[in-house]
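**Q** Listed below are the residues making up each chain.
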Amino acid sequence: MPPSKAEVLQGTLDLIVLKTLDTLGPLHGYGIAQRVQQVSEDLLRLNQGTLYPALLRLEQRGWISSKWGVSENNRKARYYALTKRGEKQLAAEAESWERMAAVIARLLAGAEGAP
Amino acid sequence: MNILRSLAMRLGSMFRKRKLDADLDAELRAHLDALAEANIRRGMSPEEARFAARRAFGGFEQTKSLYRDQRGLPFLEALVQDLRFGLRMLAKSPGFSAVAILTLALGIGGNTAIFSYIDAWFIEPLPFPHPDRLVIFETQDKKHGWTSGGVTSAADFFDFQKQNTSFEQTVAWTVANFNLTSDGSPELVEGGRVSCNYFDALAAKPILGRTFTAEDDRSGAPHVVILSGGLWQGRYAGDPKVIGRSISIGGEAYTVVGVMPGTFQFPLMGVANLWTPLALTDKQRADRGNVWIPAFGRLKPGVTLEQARAETATFFAHLEKEFPQTNANLTWLVSSMTDRIRTEEGGPEVMICFAIVGLVLLIACANVANLMLARATSRTKEFAVRGALGATGRRLARQLLTESVLLFLLGGVGGLLFGLWGMRWIESQIPGHIRAYIVNYGHVDLDFTTLAFTVGITLLCGLIFGLAPAFGSSRLDVNRTLKEASSQASGSSQSARMRRIFVAAEIALAVVVLISATLLVKSFIISVRSSPGFNPANVMTAQLTLPKTKYTQDSQLRNFSEEALARIRSLPGVVSASVASYVPFGGFGQGIEFEVVGRPLQPGERQGAPFTAVSRDYFSTMQIGLVKGRFFDSTDAYGSSTSVVVSQTMAGQLWPDEDPIGKKLQLGEQRTVGTIVGVVNDVKIYHLRQRRGWHIYVPMTQFPSRNLAYAVRTAGDATTMATAIRDAIWSVDRNQPVSSAPMETLIATVDAGNRVVTRLMVFFGTLAMFLGVIGIYGVMAHLVSQKIHEIGIRMALGASPAQVMRMVIGQGLKLALIGVAVGALAALGATRSLSTMLYQVAPNDPPTFIGVAILFAGVAAAACYVPARRAARLDPLVALRYE
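Protein sequence lines correspond, in order, to chains A and B. One point on numbering: in the numbering used here, the residue at position 15 of the first sequence is 15, and numbering is uninterrupted. One point on numbering: in the numbering used here, the residue at position 772 of the second sequence is 772, and numbering is uninterrupted.
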């Protein structure tokens, strides 16, 4: 496996999906998968299928909602949208992610200075 | 919140599977199509595009499966799946299922029924508030280790009542019979005479009126009575204005002051229809010599039993010094009332039955586990295929476990029904009279504790005995099994060994049960067949008590008893008639203290024996045999010198080397001197398992009695004479209640407990044997079907059918004999705990042990015969081709 293509961790996937829906508004599964790929510039390896159980999980938790609609090319598609609770969850997760990233960054900087 | 919401969604989704599956499929396909279209736009050929899309998407079915797991509750879904599959498997082999469920239902039901009694006896607290503070008092002889059996002397009691500091309440009580003569036909009812604080100490509140006061409990106070709920509902038709009403008891007027609820019961007293105050006279209260009155107390809160015991010990040490004549060596044994009631009536019997049904359940479980193991071996191929298709060992084991728990649960449901029926049956077998001594009148219900017990044992057995086959299958070697699939000898040797162990254990347990059951049944038969010392067939009894108010003179008593006897004797169908102060099995008898003339007793030493005043022809009517001397005759008339007849054992023990005839006894407080004129054989008077005892008979002409028990030998069926005899008595005095019953009924009532136990033993003993036979048959039949190939080869090589049969039966018998030997050894130890319930049968009774062993070997051989014959009749050609 090429080292650059990291497996997507579950928690991370949740955050990515929530953020995507926050930025782009209601979107179908294919759209979300495309967006994830674009943003990560193919650095993240995502089996697009694994996205669907994740979407269901987020829906069960009440962070996103879904309804059937019609896609750009006139196909029946299921659209996912962020809920109010999902927005709160996104804010909370983003914050904790940033805090964690900061800690890791500091740790790595320190480690470089050490012998 | 999140968890609940998600759980609800997941649960909800389980019921819309088809729709959701369709949706998912559409969604995923749309995704794939979109990917493919994008690829085409990038210039791929449609085929290439679809292929690349699939690659980018990952496993389609895998995604679906992951999605479904996330959508529903995989654990629950698998369970539902297993249950459905399990039910299908059960329905596919109805014979196996029926046998397994039936045996489990019988085993679990038996345990449910018996446990409901264990619960009522040993687990539920007595139905009084703070029952742990209730204790009973009884006089105990420290030197001789003798205990009075729940009674004390009145003076000891009242002194202790006055001086003690440990008890909130101390209560004396006694049972009594009351003649109800007003309001309808005369009726003799049982009841109690009690201290005024009796109801307070038991914390029982009346439903009408009041309980007794200290004023009521004085000798000479106006007569008052409290009715039981039952008597009030029955005889007084639930009259709400009954309080203040005057009723006639034994010819005296009593004012009703209270009515107790129908649920109130004091098991030590037994049947109680009404209560009057004890109201002892000053002389009776000061009596220290007679130990006769039952007493109990309620401890003050915070006072321990030990503290109370210490106080009584000090108190009685003091009395011993003060009254050496009556109180030498005497003290009180203070013991928990709960323990007393539990050991009094039926406790040991219930425990024995519980042990037996427990063993039967174990046998039933082993049996079912065995059948399941057999089925698991014949399903090896099925499991191998499923294993090859990706089912993990754990998943297969879980399925088997689910199946077995399902089987046990079905058995449990059947068991509950059977148990309910059993509870009602046992209840119906206990005579009403005896039920009054059992907590809650012997009525048991399927309460929470019992239900929890049933569900508990069902699940526990299901898990434990379901694990065996599940464990075997989880270690299945898929590869090997599939390769060997054609050979029928696929049951792993480990599982086969397990089954043989199960069968041997099952037989061993069944042998223990059958030996125990046989010993108990044998005891019962011996006791029932044993002669009570008289011939009870065709004897009718009629008992009454003449009231002190109307019959004040001895001459009146004598006239009544003789007049009534003469009228009974002249009835058609009467062979002979007699009257006595007490008939055997007729309730509480009377005792008398005596001293042999010329052998004075030591101070404090006492000697007593049951005592009956009888009419001349009592012995001939009852057919009690004369051993020596003569029966009473016309010379033993009123006014002539006192004659005495004693029992054989008494004569033998008092005068081992002398002729008892002509010896003199001083009887009772009057120290009346009587001469022994005859010796009769021993008679049992309380129960059939009684040891031979002492008995003193005197002529009723010389000892007139207020208690009259007519014993009438009839030409035909005694029961048809009941009314005629009662009318003959009523023709002398219409106001005297008479209770009549055939002698045989009196005996059966006393023996009811043993009768119930015996019937249960017959049932469970047979069941145990039946289960053992099923077990060995199952194993042998399975063995033969697995060895068809081997048997075919043997026969092709020249083994004769007889040899094949011998081989199969031999293998079965070997198992059976191991089981029988182990069982017999275990029974040697186990039956020792039965010894208190056995009568004239040793716990290691050789005929029982040998008989059961032979019986088991016999039925085991018979059970093996069927599969053996099948093996012997095999056509070797067919057998060899059989796959």
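These are calculated hints, taken from the structure and not from any lab test. Some hints could be false.
[What the hints assert, rightly or not] When the alpha-carbon atoms are kept at most 20 Å apart in a straight line, the in silico PhoX-like pairs for lysine-lysine are as follows:
id: 1; chain 1: B; residue 1: K162; chain 2: B; residue 2: K381
id: 2; chain 1: A; residue 1: K67; chain 2: B; residue 2: K19
id: 3; chain 1: A; residue 1: K67; chain 2: B; residue 2: K17
id: 4; chain 1: A; residue 1: K67; chain 2: A; residue 2: K84
id: 5; chain 1: B; residue 1: K19; chain 2: B; residue 2: K92
id: 6; chain 1: B; residue 1: K92; chain 2: B; residue 2: K143
id: 7; chain 1: B; residue 1: K663; chain 2: B; residue 2: K381
id: 8; chain 1: A; residue 1: K76; chain 2: B; residue 2: K663
id: 9; chain 1: B; residue 1: K664; chain 2: B; residue 2: K628
As the structure is a computational prediction, the values presented were derived from the model and not from experiment.
**Q** Decide if the proposed pair is consistent with the structure: B/K162 and B/K381, CA atoms, cutoff 20 Å inclusive.
**A** Distance of about 84 Å is beyond 20 Å: violated.
**Q** Measure nothing beyond the straight line between the CA atoms of A/K67 and B/K17; if it is 20 Å or shorter, mark the hint as holding.
**A** Holds: A/K67 and B/K17 sit about 18 Å apart, inside 20 Å.
**Q** Straight-line Cα separation of A/K76 and B/K663 no greater than 20 Å?
**A** violated (120 Å)
**Q** Under the criterion that the straight-line Cα-Cα distance not exceed 20 Å, is the pair B/K92, B/K143 satisfied?
**A** Not OK: B/K92 and B/K143 at ~73 Å, beyond 20 Å, violated.
**Q** Please work out if B/K664 and B/K628 have their alpha carbons no farther apart than 20 Å.
**A** Distance of about 16 Å is within 20 Å: holds.
**Q** Are B/K19 and B/K92 close enough, with their CA atoms no more than 20 Å apart?
**A** violated (31 Å)
**Q** Check the hint pairing B/K663 with B/K381 against an upper bound of 20 Å on the C-alpha distance.
**A** Violated. B/K663 to B/K381 sits at ~90 Å, over the 20 Å cutoff.
**Q** Does A/K67 pair with B/K19 here, judged by a C-alpha cut-off of 20 Å?
**A** Holds. A/K67 to B/K19 sits at ~14 Å (cutoff 20 Å).
**Q** CA of A/K67 to CA of A/K84, is that 20 Å or under?
**A** holds (16 Å)
Violated hints, in rising order: 1, 5, 6, 7, 8; the structure is consistent with all others.
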